[in-house]
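*Asks:* As a plain string of letters, each chain reads:
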Amino acid sequence: MSDPYEEIVNGERLLRLPPRPRHEDILSRLHKRVAGVVTGLPTAKLLAARARVELSSGNSFRPDLALVTAATDKLWLVAEVISADDHHADTVDKKSVYEEIKLPRLWMVDPRYDNVEIYHGTPYGLSLKRVLAGRELLTEALLPGFQYAIHELFAGHPSGEPGRYDI
Amino acid sequence: MSKSEHWKHLLSLAQHEVESTLASLPLPVRRQAAPLPVSYEAHPEKDKLDDEYDPDLLGLFVGAELAHPDESPLPPQIILFLENLWDYAEEDEKIYRKEVRTTYLHELGHYLGLDEIDLEERGLE
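Read top to bottom, the protein sequences are chains A and B. Mapping to my numbering: the first sequence position 128 is 128, numbers consecutive. Mapping to my numbering: the second sequence position 117 is 284, numbers consecutive.
It cannot be assumed that every hint is accurate.
[Unchecked claim] Covered, in the sense of this in silico footprint (three residues per stretch, anywhere, with C-beta under 8 Å from a C-beta of chain A), are these stretches of chain B: (1) 198-204; (2) 215-222; (3) 230-237; (4) 241-254.
[Unchecked claim] Estimated spans, in silico, between C-beta atoms of each pair: (5) A:57 - B:221: 33 to 43 Å; (6) A:145 - B:193: 26 to 36 Å; (7) A:92 - B:213: 22 to 32 Å; (8) B:285 - A:60: 37 to 47 Å; (9) B:176 - A:12: 47 to 57 Å; (10) B:285 - A:35: 36 to 46 Å; (11) B:285 - A:2: 44 to 54 Å.
Because the hints were derived from the structure by calculation, they are not lab data. Ideal Cβ positions, reconstructed from N, Cα and C, are used throughout, including at glycine.
Make the full structure from the sequences, and use the hints.
*Replies:* This is how it looks when you write it as structure tokens:
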């Protein structure tokens with residue numbers, strides 16, 4: 001199990017519970033696959049998993065996966081892998097901040113249901129574009145060559161069984 | 168030709184055309200253009216892009232212009248829509264390659280700061 005860590009969300013310190021092994025497996029796979037594409041991409045940089053990112057005054061996050069533009073270091077894609085025992089911060093608190101700062105891309109990777117929600121930032125807030133599951137492919141037009149079949153991302157674990165995902 | 172083979176063929180032709188177009192650019196422009204990624208999609212799908220675009224769109228530049236990197240949080244990139252280019256070329260390979268080249272240069276022009284009038288003056292409308 002990983003260590004607990006701290007984030008600052010809307011000025012409040014949040015102690016995040018240690019991510020469980022399944023969370024870390026999924027994150028490691030996703031990170032590796034994105035890294036393989038970003039290596040050949042001079043316009044984007046992949047930060048280390050849970051690297052600290054200062055989003056605005058009072059908001060200092062440690063996203064599971066973060067991509068910034070190479071020219072400006074601005075955050076443009078975040079992936080958060082949800083933890084069932086610590087999900088509110090990701091699915092509600094941090095998500096509303098991502099919406100406020102007009103984050104262009106947000107992937108909510110949910111091991112509770114083995115699906116990935118894809119959000120795009122719009123002038124009116126985050127817009128849910130797709131919910132991917134099963135054999136559907138996670139892709140991003142701005143990551144040429146990137147694709148990940150959802151069932152492979154969540155491979156090797158029980159699906160759709162709340163409370164059992166963290167075995 | 169199967170659908171998959173057809174796509175591979177279109178992709179290969181387009182990638183080769185973009186590479187040769189890039190190689191033909193004057194060195195100062197080539198240096199600016201080379202790092203700009205190009206991705207290839209069949210059609211503009213609204214669930215993959217930020218906005219809803221003309222379904223017949225041939226290409227798109229997203230992100231900030233080279234001289235104004237703060238204008239957009241997105242990394243700069245060109246997207247070419249190969250099935251639309253193929254349809255526009257009426258399935259003629261020679262015309263298809265020419266349209267890939269023109270569309271690539273058009274979108275590259277946006278990256279370099281040219282507007283539609285500038286591009287039209289250069290025959291890249």
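*Asks:* Decide, hint by hint, whether the structure agrees.
*Replies:* Results of checking the hints against the structure:
Here the stretch 198-204 of chain B counts 3 residues with a CB under 8 Å from a CB of chain A, which clears the bar of 3, and the coverage holds. For a cut-off of 8 Å, the count of residues in the stretch 215-222 of chain B with a CB near a CB of chain A stands at 3, and the three-residue condition holds. Note: the stretch 230-237 of chain B has 4 residues with beta-carbon separation from chain A under 8 Å; the three-residue rule is met and the coverage holds. Three residues within the 8 Å Cβ limit are the bar, and the stretch 241-254 of chain B against chain A gives 5, so the coverage statement holds.
Distance hint check: the CB atoms of residue 57 of chain A and residue 221 of chain B are about 40 Å apart, consistent with the given range 33 to 43 Å. The hinted range of 26 to 36 Å is satisfied by residue 145 of chain A and residue 193 of chain B, whose Cβ atoms lie roughly 28 Å apart. Distance hint check for residue 92 of chain A and residue 213 of chain B: the Cβ-Cβ separation is about 27 Å, which falls inside the suggested range of 22 to 32 Å. The hinted range of 37 to 47 Å is satisfied by residue 285 of chain B and residue 60 of chain A, whose Cβ atoms lie roughly 43 Å apart.
At about 56 Å, the beta-carbon gap between residue 176 of chain B and residue 12 of chain A stays in the expected band of 47 to 57 Å. Checked against the given bound of 36 to 46 Å, the beta carbons of residue 285 of chain B and residue 35 of chain A, roughly 38 Å apart, stay inside it. Roughly 52 Å separates the CB atoms of residue 285 of chain B and residue 2 of chain A, a value that falls within the hinted 44 to 54 Å.
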